[in-house]
Every structure is written in structure tokens, then in C-alpha cells.
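Knowing the structure of chain C, use the given hints to seat chain U on it.
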Amino acid sequence: MVAPTIIGLVVLNLWPFVQTLYASFCEHEGFGHYKFIGLQNYVDMFGNAEFWKATWNTIYFCILTVPVGIALALLIAMLLNAHVKFKGGFRTIFFLPLVCAPAAVAMVWRWIFNGEYGILNQILGTKIQWITDPKTAVLAVAIVSVWSSVGYDAVLLLAGLQNIPKSLYEANSIDGAGKIQQFFTITLPMVSPTLFSVLIMRLMASMKIYDLIYMMADETNPALTDMQSLMYLFYRSSFVAGDRGYGSAIVIWTVGLILIVTLVQFQGQKKWVTYDI
Amino acid sequence: MLLLLLSLTGCGSSSDGKTHLTFQIWDVYQRPGMQAMCDAYTAKHPDVVIEVQATSWSEYWTKLEASAESNTMPDIFWMHTNQLLYYADFGMLADVTNLYDDVESDYYEKHFSEISRNNASGSDGKLYGVPKDKDNGLLVYNKEMFDAAGVPYPTEDWTWGDLRDASQKIHDKTGKYGFMAYNDDQLGYWCFVYQAGGHILTADRTKAGYTNPGSVKGMEFYVNMQKEDWCPDQTYFTETAPSTAFFSEAGAMYLEGNWNLPQLMENYPEMRGKWDIAKLPRCADPIEDSESLDKDGRATLSNGLCYSTAARGKNREIALNVIKFFGTEEAQRIQGEKGAAIPAYIGCEETWRAAFDSYNEKLNLDIIFEQFDYAVQAVYNSASPKWKSQVLDELTRVYSGERDLKTGLKNMERIVNKETAKKLADD
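In order, the protein sequence lines correspond to chains C and U. For reference, each letter of the first sequence is one residue, going 1 to 277 in this note's numbering. For reference, each letter of the second sequence is one residue, going 1 to 427 in this note's numbering.
The following block holds chain C by itself, in its conformation from the complex (with noise of 0.2 Å):
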């Protein structure tokens, strides 16, 4: 019964990742003809600055986008389960920008953030270069990624939210308790679980950042290798520069990455995630 499954995930998923591995260890000489050089690839990539410039730009994209981005789903989820007129609207408001192409996405914050004509510095009266200045390129793609991602979080947190049983919150409001003391005491512990799922994926999708970069940035960006993550060095050495061992080694790398990023949370998880009642 599960061997379509199964097949689908030999198939599509774990031939996939072994050939990775083996590529890892190969010079691409082209169309798909690997050479075994062991672990050039991996002396090449440790010992290659731009390679550690990527990975602190991708674990400093995560710093950024991560907790504020959790922490701003989290409230919008509250506003939203609190009695608010135009629930409804709002919360299709929010959901918005997941259900808009990542492309048209980027392309509409790049006008928003050019550095000439754009609306954003319009506002601000400034004349900062957001997406070509080493400063602010980051900054600019976090930006985008934690507007386009809220609102789904916000959902999940929400499903979260409303599986509280309200008899918790009236028996506390009669011992007494504020609001504050109610949401670290009853709303945090219970929604601790969806919150450490959203956390999970939040996490793996940052350290995945590629589309963004992708379409903001442009070969010719002059803060490009200040803002290139470990998966846009990993395109544009295995399809700009065609070099695919190479790239491999950077994907192993990543995948690396987020096994121990992944692991780590799940042992931390025991000392705040409440799965009983």
C-alpha cells in the first residue's frame, strides 16, 4: 500500500541526495561526466572565503528573519483570535503575500527599495541604496522574506491558538491573573508545539534562502557576494560557473547545516515545549 510513496521517495528524493554525494566528491567535466578527486572540492570550499562570507550571510539572514518573524506571527495570530471586527478580512490580508508569486514578489520590493526613484526611501527621506549597499542588502531581503512568510505562520499559529480551551483562561482570570501573566502561563505552553513546528520549517526555509536573492540581486550587484546565501553560491557555481562537484559540496555543507541546526533544536525543545495538558 505505502510502495508508491516509498517508490516516490527512492526515486525522487534519496537517488537524488546519494548522487549529490558522489558528485561532491567528482570534478564536473560536463553533460553529466563526473572524475573522482576526493575531497578536492571540500579543501577548495573551506579554504575559500567567499564560501564562509555565504554561510555567515545565511546563518545572519536566519538571525534576522527567524525570531522577528515567529514573534510577528505570533501576535498578528493573537490579534487575529482576539474579537476584532473584519476578522476575516484581515486575516486574508495577511495571508496575502503567500499566495502571490515569490517572482512578482521580488520584483515589486525591488521598486520599492531602489535607491533613485523607490517609494521606500520616498517616505523615509533617506537616499539609502538598500539592495546594492553591503549595509543593507541583507537587511532588505530579510525584509521581504518575513512579509511574504507571516501570514502563513500566523495561520499555523493560529489553528495553534484556537485549540486552547477557553476554561483554562476563565479559571486563571479568576485566580486573579493579568493578560501578560495569561500569556506566558497558559498561551505560550500551549501553543508551544505549533510554535516549535513553525520554528523548524521557519528555520529550514531561511537557510534555504535562494528565490529572493535570486531575483533581487543581479550578477552585476556590487554587495552580491555580501548578501549571496550558501544555496545562490551553490546555483551559480553549479549552473553559472558549471562547476556541479563544487556545488555539491556546498549543498552537503548546507544539508549539514541544518541536520545539526535541526538536532539541536530538537533536544532543546524538552526544556520548553508542552505536549500534555
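Treat the hints with care, as some may be off.
[As the list claims (entries may be wrong)] Residues from chain C that keep clear of chain U, each with C-beta distances beyond 10 Å, as calculated:
id, residue
1, Arg110
2, Ile123
3, Ile131
[Stated by the list, open to error] One side of the interface only, derived from the structure: several residues of chain C facing chain U at Cβ under 7 Å:
id, residue
4, Asn114
5, Gly125
6, Asp218
7, Asn221
8, Ser238
The hints are simulated quantities; they were obtained by calculation from the structure and are not laboratory data. A quick note: this is a predicted structure, and the numbers were derived from the prediction, not measured. Backbone N, C-alpha and C fix where the C-beta goes; we use that ideal spot for every residue, glycine too.
Relative to chain C, chain U alone:
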């Protein structure tokens, strides 16, 4: 499940009994021209249907390489000089050297220039494509801004100094940018390097020449223009393409490829008549160099595409017959008359003027054809796909101030030499 997969991939034959061919190109503006050529072919061969598919330049090469690996290449496709050697040396392209033997034994020599033939040749000297077109880079300028600043229009004798002076005057008088020198190779620094007597690659294409005195002179002049107040810097060009800046009347001059002119006329109707084209300015004191072709400081870069088909394609024979037709005078004439590109076929070049027939405002098209007399072949070797993006990265660092130009040039030379030596050793 497997049956479903098999039926998805096995879409070679179709129900109408005709042979369906795909023709992949990367320039949507040339689609009507390509379609017209296909129509001319299918009119004679009603049993063939050709579908023209256009994608973007960057997607084109990712797709083509993936399809080459899985032996599902399009039946007919454009080949670029940057990539031809890579594909040809790996045996991916059909050998078309003897394609016209039944017509004339020296067909290629007779009807195509040496540059065109070189553009279609593999490392083994055989032809892997039928020459399609040729192009070159030229100077586009805004007549109104020149008038407003009281500067005479660019002439044949313009030097680098004139370019600077005009830019400065226009900026002083109008507040607009002058010459917009952006980070590009064929439409940028390559031209200036060759004008200064330098070279990017040696004539045998085995060594780089970035640190050659002429190259340094050209690069210094070109890159440092962005430090002038009349030239925007690279952050500006990342967000605003030079053509966008020019046609929104933010700047007075930039380098453009002739292939873009028809669409610029079409896309900016309100600008027609306000701009014209001129030959590239020349270097007044080029540095003597045994590698450079001309010593009078003139140069523009010229490139050309060709039509290729896969070495092991399913419809190889029919596809070969189609590209054979694409190389005839009839098809090349259609390409020119539809305004797609300047035909590579000798004697048909001027048909391309038809692209501008519908406009009352005229451009000085003569200069394009005259520039071919001293045009330099666009720079490439079999390792180009490997070094091109690395060199661009290095130049980006120079533009952002992270590297000084001298170090940057040394690095570029090292990158090209390293990748080229590696490729030559592999072969």
C-alpha cells in the same frame, strides 16, 4: 506508475503524421524573424512542423545543458560563441562541415566571413553550426542633450578625450549624466581594451592579457569613468539598466549592441528622432602591442551566432535539412528583412535596414556596416563558461572599491590562465 512515466517521455511522434521539430532561441524579439524562416521552410516541406520557443538568456543555457545531458535537446537551437566550444568538444553538436557539399564544395568560404566561420568552428576545425548573424557595439547618444550643452555630435574622429569633454559639458549644462560606462564586457571594457592596443586573450586564445600595458590603459580609463560626477556608479546600474536611464533621459550616451536597436525604436516611440548612433570613440595614443589588430585606436567587438542541432537528436536528418535551409541566401534574407539580425551571409547584410523602414525618424545605420571593417572578434575560448562569471565577480569587486584595479586585473589574468590551462590539459 512506470507506464505513466514512459508515456510522458515518449512524445516523439504525433497523431497528425507530421514531424514536429522544436527550435529554441533566447531572444523573444527575434521570434517573428525566426518564425518567418520556419514558415518558408514548411511551405516547401508540408510534412514538417516547427515550433519556435523563446526563453530568457540565463535560463537558456541551464535548460540546454540539462537537455544535452539527458539527450533531449531541442531539434534546432541557437549557439553562442561563449558556449560552442564547450558543446562541440563534448560531441553534443552535429558536424555540419559537409552540409552543403551537394551545393558547392566551398559554400561556407564563399558566403560567410572568416569571423563567422570561426564562430561556428569547434577546436578540431570542423563546423558545428551554420552561421546566423553578426553584430557590433556602437555609441548611442541623445541629440537634444548635445544641443542643449552646445556640444557637436560625435563624429568618426572622436577620441576618448572628446568623450570625456562632451560628458563633462553636458553634465555641467544640463545636470544629466554624460557617458554611462557600466560593467559589461562586449558592450563595455573589451572595446576600450582593444582600442588602447591591449587584448583580453592572445590570438591563439591560450593566455589572458589583462595585465598587458594596453589592457591596463583601457581598463583604467573605462573603470575610472565611474568616479567622474558625470557617470553614475555601479550601484546605480544595478537598479537601472543603462538603456532605461538613457531612454528616460537621465544620461546622454551609452554603448549598445546593434541587435537591440529595432526594439528600442519600437519600445520608446516618444524618443524617436531625439537620438542617433555613432561609431565608438577611439584611443588617441594606443600602446603598441603585437597582439592587437589595429594601431589606430579604433575597435568595436563583434560577435555572431549560429544554428546548431544535436549530434544524437531523434530528428537529426530533418533538423540538419532545416538548418541547411537557414544558411541559404533565401532564409538569411528573410532574417534580415524581418529585422531579426544582420545576416551572416555575405551580400545580405544590408537587408537588415528593413527593420527600420516603418519609422520616419532615421538612424545613421551606415556606421554599423562600416564598423565591421575593424571589428574585433568577441573574446572566448573553450574555458569561457568556467572563467566568465569569476572574472565578472572580480570586476564587481573592483567597482565596489573592495579591490584596486591593478590587483583585480592580476586576479582576472590568473583566473583565465588557470581555467584555460586546466581545460587544455583535460583535452
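Results of checking the hints against the structure:
Separation of C:Arg110 from chain U is inadequate, the least Cβ-Cβ distance of about 8 Å not exceeding the 10 Å criterion. The non-interface label for C:Ile123 is consistent with chain U: the shortest C-beta to C-beta separation is roughly 18 Å, beyond 10 Å. Listed as a non-interface residue, C:Ile131 fails to keep its Cβ farther than 10 Å from every Cβ of chain U; the least gap is roughly 7 Å. Interface restraint check for C:Asn114: the shortest CB-CB distance to chain U comes to about 5 Å, inside 7 Å, so the restraint holds.
Because the closest C-beta pair between C:Gly125 and chain U is about 19 Å apart, greater than 7 Å, the hint is violated. The interface hint given for C:Asp218 holds, since its Cβ lies 5 Å from the closest Cβ of chain U, which is under the 7 Å cut-off. Because the closest C-beta pair between C:Asn221 and chain U is about 5 Å apart, less than 7 Å, the hint holds. Restraint check, C:Ser238 versus chain U: the minimum CB separation of about 9 Å is more than 7 Å; hint violated.
The earlier numbered hints that this structure contradicts are 1, 3, 5, 8.
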